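**Q** Here is how the chains run, residue by residue.
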Amino acid sequence: MPTPEEDATVSSAEFIKAFRVMLLARVLEEKLASLYRGGMIKGGVFLGRGQEALSVSVGLHLRKGDIFAPLIRDQAGRMAFGDTVLDTLRTYLGSQLGPMRGRDGNIHRGRPREGYYAMISHLGAMIPAVSGALLARRMKGEIGIVGATCLGDGGTSTGAFHEGLNAAAVEKLPLVLVVANNRYAYSTPNARQFACRDLLDKAVGYGVAGHKVDGTDLEQCLLTLRKAVRAAREGGGPQLVVGDLLRLVGHGEHDDARYVDPALKAAPVGRDCLLLAKDHIIARKWASDAETSAWRKEAEEEVNSTLDKVRLEPGPNPEEDDWMAYSKPEFAERYAGA
Amino acid sequence: MSSITYLEAIRLAQEKALADDPRVFLYGQDIGNFGGAFKATKNLAKEFPGRVFDAPLSEDAIIGMAVGAAIEGMRPIVEMQFADFSTCGFNQIVNHAATLYYRTGVPCPIVVRLPSGGTSGGGPFHSQSMEALYAHYPGLVVMTPATVEDAYSMLLEAVALDDPVIFCEHKFLYYHLKSERLPESVLPVGKARLARAGRDATIVTHGAMLHESLAAATELAADGYEIEIVDLRTVKPLDTDTVLASVARTGRLLCVSEEWPWGGVAAEVIARVTSEGFGLLDVAPQRLSAKDTPVPYHPDLWSVHRPTASAIAEVSRRLLNI
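So the protein lines, in turn, are chains A and B.
Counting from 1, position 113 in the first sequence corresponds to residue 113 in this note's numbering; the numbering is continuous, with no gaps.
Counting from 1, position 201 in the second sequence corresponds to residue 201 in this note's numbering; the numbering is continuous, with no gaps.
Looking at chain B on its own, in the form it has when it is part of the complex (with noise of 0.2 Å):
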């Protein structure tokens, strides 16, 4: 078996929710006959004639489309061109979708695919991470997949819910990010794993950060360190418990995110570390999220706007040092 991309995953678990279950179709901008604009719906309008539609370039029109459809029992899967995009279709997210179980008590099965998170050129409007902005409104599940394997596995679980799920599949990953084979078992959703075994201190992160956190603690092993890294996978629900048993064993805690730093995922963690895990620390729990100003468009800006392994090493060994 060639080796399957981070995108080819996306394409392929969407594949098979389509075969798999009737209810399922999907619904966005260009993802027709065009395959999207990442073309990670290629070939499927022709696979599932009647099933993969063009919308017209209305974000709010998209999601409230999918919440109607959710309603009437389908299972949609809509595609935001990029996350940013998603703001024209805030309202029905988070104040439709997000409130209908609770409201009504029918539940809202839709997922809508963000294409997150920063690539190189990208600018301020086709680069944004909005996790936290989504994990803010209570009822929505947000995925954000670090590997080929999550964003198969995940995206299929995210069609299986009844609730409504934001899947923050992360750009920087597409083309290549690797795997020999897709999983056939898979953590449950709202599990965090482990991606790493260390015993001097614990990195906390999600998303294409996952990967910068990885080279930075091999960088960091060179020095004789062992890092721990938990991979959030969902951000909401958290796995407050693989966290604080990281932190009980490292006793030091750095959070990596790449969304800006006010009110971010890492923030929420250190909250609850600082909360229910207090002594488990010996230091003050640190965080290194992108810098507090809109996604650079310049190559040389961008490279330094949001985290990188260099970064993230050079403040864990400070943590360390302390």
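In isolation and in its complexed conformation, chain A is listed as follows (with noise of 0.2 Å):
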């Protein structure tokens, strides 16, 4: 058991391999949307820039046999998870060998038999998911188990997450639900999303416990969702984060996100959660400007050559893909003409 002063601190060497990750989802999703620019992406891109450290911590903090549902501005969750530049880059591109075989695209990838689950795009679906899966590992005896998923503000205006949170509440699951208030869902701000005073506040309805944290502040990042999953893994039942930041992009790529109000982009909540955590890792020495941009060239080398990769494989060929929805292939439907 750590004491409480360990407790209530972040290491150097935790923070730097939170910010090592942080930064890889960023060159990563830079890369990205220079592709989609390029038009060498298939569909849309959807970047989680200023939400890096908020999501970092929540894939960091899990254990490999734990459950973890992301969302769309998770790359560096994902990561943190286990997620990789060429799973990432295979499934934007298209290519054959990726997670998903062409079938899924973007953020709907994932690998579920390692409790990597791939998000549907209904917002607040994968909270059942996930609480069925910490149901099923509980009555398989397994314990210590969490599932996470995230969110954003305007996933809590949907049915799914009511049903989802309460009934997982009701049986004291392992859940740990982290929602990113990023100001807007595409374009709808919080004051045309919500009522209540504070995300927060919905905790208390559910009869769970509630975590608030600043999602531009990598160390509280970390130090709340430690807490928190703690907290499920030791029997607390359901958590919810909400964590306080600013979208910095548009809700895909093909939005400049013009409606963002100017005053939220210089406001605390506006900051690069990115820039702020390289500043605290230069203010305590605990690297040299020059040892980060280091670590950014690497970052660099690691997508460019993944890329490079990528880009010579097969996409799906239509000829060979099976087009079966079934596990049994006896249950394909025959239908004249087609």
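Quick caveat, the hints were computed from the structure, so don't treat them as lab data.
Some hints could be false.
[What the hints assert, rightly or not] Label pairs and their calculated CB-CB ranges:
no., chain 1, residue 1, chain 2, residue 2, range
1, A, 256, B, 279, 23 to 33 Å
2, B, 271, A, 265, 53 to 63 Å
3, B, 136, A, 316, 19 to 29 Å
4, A, 256, B, 294, 43 to 53 Å
5, A, 284, B, 30, 49 to 59 Å
6, A, 265, B, 275, 56 to 66 Å
7, A, 316, B, 301, 50 to 60 Å
8, B, 294, A, 192, 33 to 43 Å
9, A, 318, B, 197, 55 to 65 Å
10, A, 256, B, 16, 51 to 61 Å
Since the model is a prediction, treat every value here as computed from it, not as a measurement.
Ideal placement from N, C-alpha and C gives every residue a C-beta, glycine not left out.
Need the complex rebuilt from these two chains, each delivered in its own frame; the hints are there to steer you.
**A** Shown next as structure tokens:
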């Protein structure tokens, strides 16, 4: 058990580990944006710029054997949980060799057998899915497992959010639900999304523990997620974490986000968590500016070399796809003329 | 052995599934100590402690939790209190359960039990037949057992399948349909059954309409007509071969379905027979479905809203005399 003192601090090693995952996610996403502009991506691109600190803190506090169902702005959390540059690029570029084999794209990727669930686009839907997985683990006698899933402020308005969180609370499941209040659901601001004082107030209504964190502050995010994940793991039931931050990109790369209030961009909530984390490292002399630049270069090299490889990979071949939605081939329907 | 009702067959199948397979569990509203709105899970909570859970009134969460549990290797059977309420869980069924295998290669072995179809006095929201709606979505198996034997054996098959199954059990058959024994051998999933042999016309049907169709065939037999009846059993996959073979013998086709007409199972069967077996038909195929209105509450309205034996006999006579 850590001492209370250790509990209140983040070591340099942990902070730097988190920072470097954030950096890799940022560099990879910058590449995705440029590939999108170059017409190289199949489908849309949805980025997590500004949300890396909160997201990475979720992934880093999960262990092998836990369950993670990320959402669209969780590149950092995904990589902290074990997703790779390779799987990401394969999915975005539609490689047949990726985990989704061209059948689904971009952020809808996962490896469910490894506890890394592939989100569906319908917001809130992964809350009951993770809850059911946790119920199954409990029935199998597995203890100390945590399931985490992420959502935005818009997602809290869905029926799935309400039903899922309530059902998880009734079963006292070890669920960590992380809400990134990034101020906009696509173009809709908080004022048109909810009327409660703060999304954290919802925790009381559902009878679950609530945690509030400044989503631009990596240290605070790491501490808060450490606490929330531990509480869930130790039997404290569902934990609702609300992080305050600002989406620093459009909803997708097709969106110039002109609707974002300039006052929010200038406010503390609009700061870039990656830059703040870098300042934190340098101020504490955990690394020099040159070292952080070298880390960025290393990340760029990984992204570029992986991209060189993925570019050459084949896409799915429509002639070879089995076009089967069933695990039993005999269930394939036959339609004349098809 | 005393006779077994269709409802009891469903209860017994769940009891056997729970006893045989530790991965099976039940989740739904009021299904625990209360035993379910229809008592389809009576005593199962007591018999299998920790494996029969009362759920909050949250169809979306119920199905979503079943999906997550299935990913983790369990075999959940979920009960919707009435088929009609499954619309509140529709998203998880059609967008999550149905797409999972195609998208990720991980199957989703859930069974969603839908107490389906009309009963006298049920009204617009406790009477619906939703098999065509779910059959529209790739990835779902849709079963519509019409007999006590099928209610039992098909539910056990549904649990054994790796793919998600929508199990449309018909409420009208719950109490009055009885059998002396449960089956030992069964037709495979996706195989239709010849419920009555004939030579003059084929009726293709499923669920409670099988029994209305059989009664109509008995009435027509008095006039010297021999009607062949195909019970589809599963509407997806749909056994086109058995239907075509029957139409090849009779040359005339009537599809009877309790669903609404637009885009229903009857429409699908007729589409297949006309495109794959046009030359087998002596006359244009016909369908008889429910009226294209919500299901009415008053018994006098309801009794003519759905196809009845006399309506089926009347349409059949027209088909036979063309």
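**Q** Run every hint past the structure and note whether it holds.
**A** Here's how the hints hold up against the structure:
Distance hint for residue 256 of chain A and residue 279 of chain B: a CB-CB separation of about 60 Å, inconsistent with the stated range 23 to 33 Å. A hinted range of 53 to 63 Å for the beta carbons of residue 271 of chain B and residue 265 of chain A is consistent with their spacing of about 56 Å. Range check, residue 136 of chain B to residue 316 of chain A: Cβ separation about 24 Å, and the 19 to 29 Å hint holds. A hinted range of 43 to 53 Å holds for the C-beta pair residue 256 of chain A and residue 294 of chain B, which are about 46 Å apart.
At about 58 Å, the beta-carbon gap between residue 284 of chain A and residue 30 of chain B stays in the expected band of 49 to 59 Å. With their beta carbons about 59 Å apart, residue 265 of chain A and residue 275 of chain B fall inside the hinted range of 56 to 66 Å. Take residue 316 of chain A and residue 301 of chain B: their Cβ atoms lie about 52 Å apart, and the range 50 to 60 Å holds. Under the hint 33 to 43 Å, the C-beta atoms of residue 294 of chain B and residue 192 of chain A, about 34 Å apart, fit the expected range.
Under the hint 55 to 65 Å, the C-beta atoms of residue 318 of chain A and residue 197 of chain B, about 44 Å apart, miss the expected range. Checked against the hint of 51 to 61 Å, the C-beta distance between residue 256 of chain A and residue 16 of chain B comes to roughly 60 Å, which is consistent with it.
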